[in-house]
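Can you build the whole structure from these sequences, using the hints too?
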Amino acid sequence: MTTGVRRRMGVEERRQQLIGVALDLFSRRSPDEVSIDEIASAAGISRPLVYHYFPGKLSLYEAALQRAADDLAARFVEPARGPLGTRLLRVMGRYFDFVDEHGPGFSALMRGGPAVGSSRTNALVDSVRQAAYDQILSHLGMSDPPARLELVVRSWISLAESTALIWLDGRRIPRAELEVQLVHDFAALTAVSAAQDEEMAALLRRVVADEPADGPFADLIGRLTALVG
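Each residue of the sequence shown is one higher than the one before, starting from 1 at the first, in my numbering.
Mixed in with the good hints, there may be bad ones.
Estimated spans, in silico, between C-beta atoms of each pair [said to hold, decoys possible]:
#1 E177 / R28: 21 to 27 Å
#2 S162 / S119: 22 to 28 Å
#3 E13 / S143: 36 to 42 Å
#4 A201 / L159: 20 to 26 Å
None of these hints come from the bench; they were simulated from the model.
What you are looking at is a predicted structure, and each value in this text was computed from that prediction instead of being measured.
Ideal Cβ positions, reconstructed from N, Cα and C, are used throughout, including at glycine.
In C-alpha cells, the structure reads:
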C-alpha cells in the first residue's frame, strides 16, 4: 500500500501558481474584494507563505496583471492573410473572449483597482494598447503611418476598450453584434478621415477593393446605402 507524497514546488513554480490563482480570483471579482487570505486558501498554502513570494497584494496584482496583459496583447496577433474586415472580426472575437473570461479584472484595471495609477500598471496598459496599434498597422502594411491614420487606429482601440466596459455592465447588447459593430466602426472612422485627406482616401479604396461581397466592410456599405437610398 502506498501513500501520496505532496511534491514541494520550486520558487518560480510557486510564484506562477500564485499568479494563476490570483488571476482567476481577480477575473471573477474586483481585486479590491479579494484578500490575501482567499488567495492563500485557494492555493492551499498559508498567508505568511504568500508574503514569502510577494511582499503584498499590490505586487501580486501587478504580476497577475502582467500575465493578463501579455494574454490580451496576444489576442491582437492575426496572420496577414485574407481581407482586413474578416481579420479584424477574428481579432474582436478573441478580444471579447478575454473580456468575457476576465470581466471584473478587466473592469477594475480600466476603471479603478488596487494598482491603478501606479507607473507599473500604466505601463502595462500602454503596452497592450501599443501592441494592438502595431498589429493593426501591420495589417494595413504601414510602418510609418501618417498622422491621420495614427489618430484613427488609436481612437478605435480606445473605442474597443470603452465598448467592452459598457458591455460588461449588464451585457444588454449581444456580444456578436458588438464585435461586428466595432469592425464597422473602424471602417467608419477611416472613411471620415478619408473624406478629409487623399492619402487616407487611397488607403480606404485599397482596403475596400480587397473586401468580398459578404465581408463586414461590404455589409456596412450595404447598410448605409439602404439608409440613404
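Structure-based check of each hint:
1. Distance hint for E177 and R28: a CB-CB separation of about 25 Å, consistent with the stated range 21 to 27 Å.
2. At roughly 23 Å, the beta carbons of S162 and S119 sit within the given window of 22 to 28 Å.
3. Under the hint 36 to 42 Å, the C-beta atoms of E13 and S143, about 40 Å apart, fit the expected range.
4. For the pair A201 and L159, the supplied restraint of 20 to 26 Å holds, since their beta-carbon distance comes to about 22 Å.
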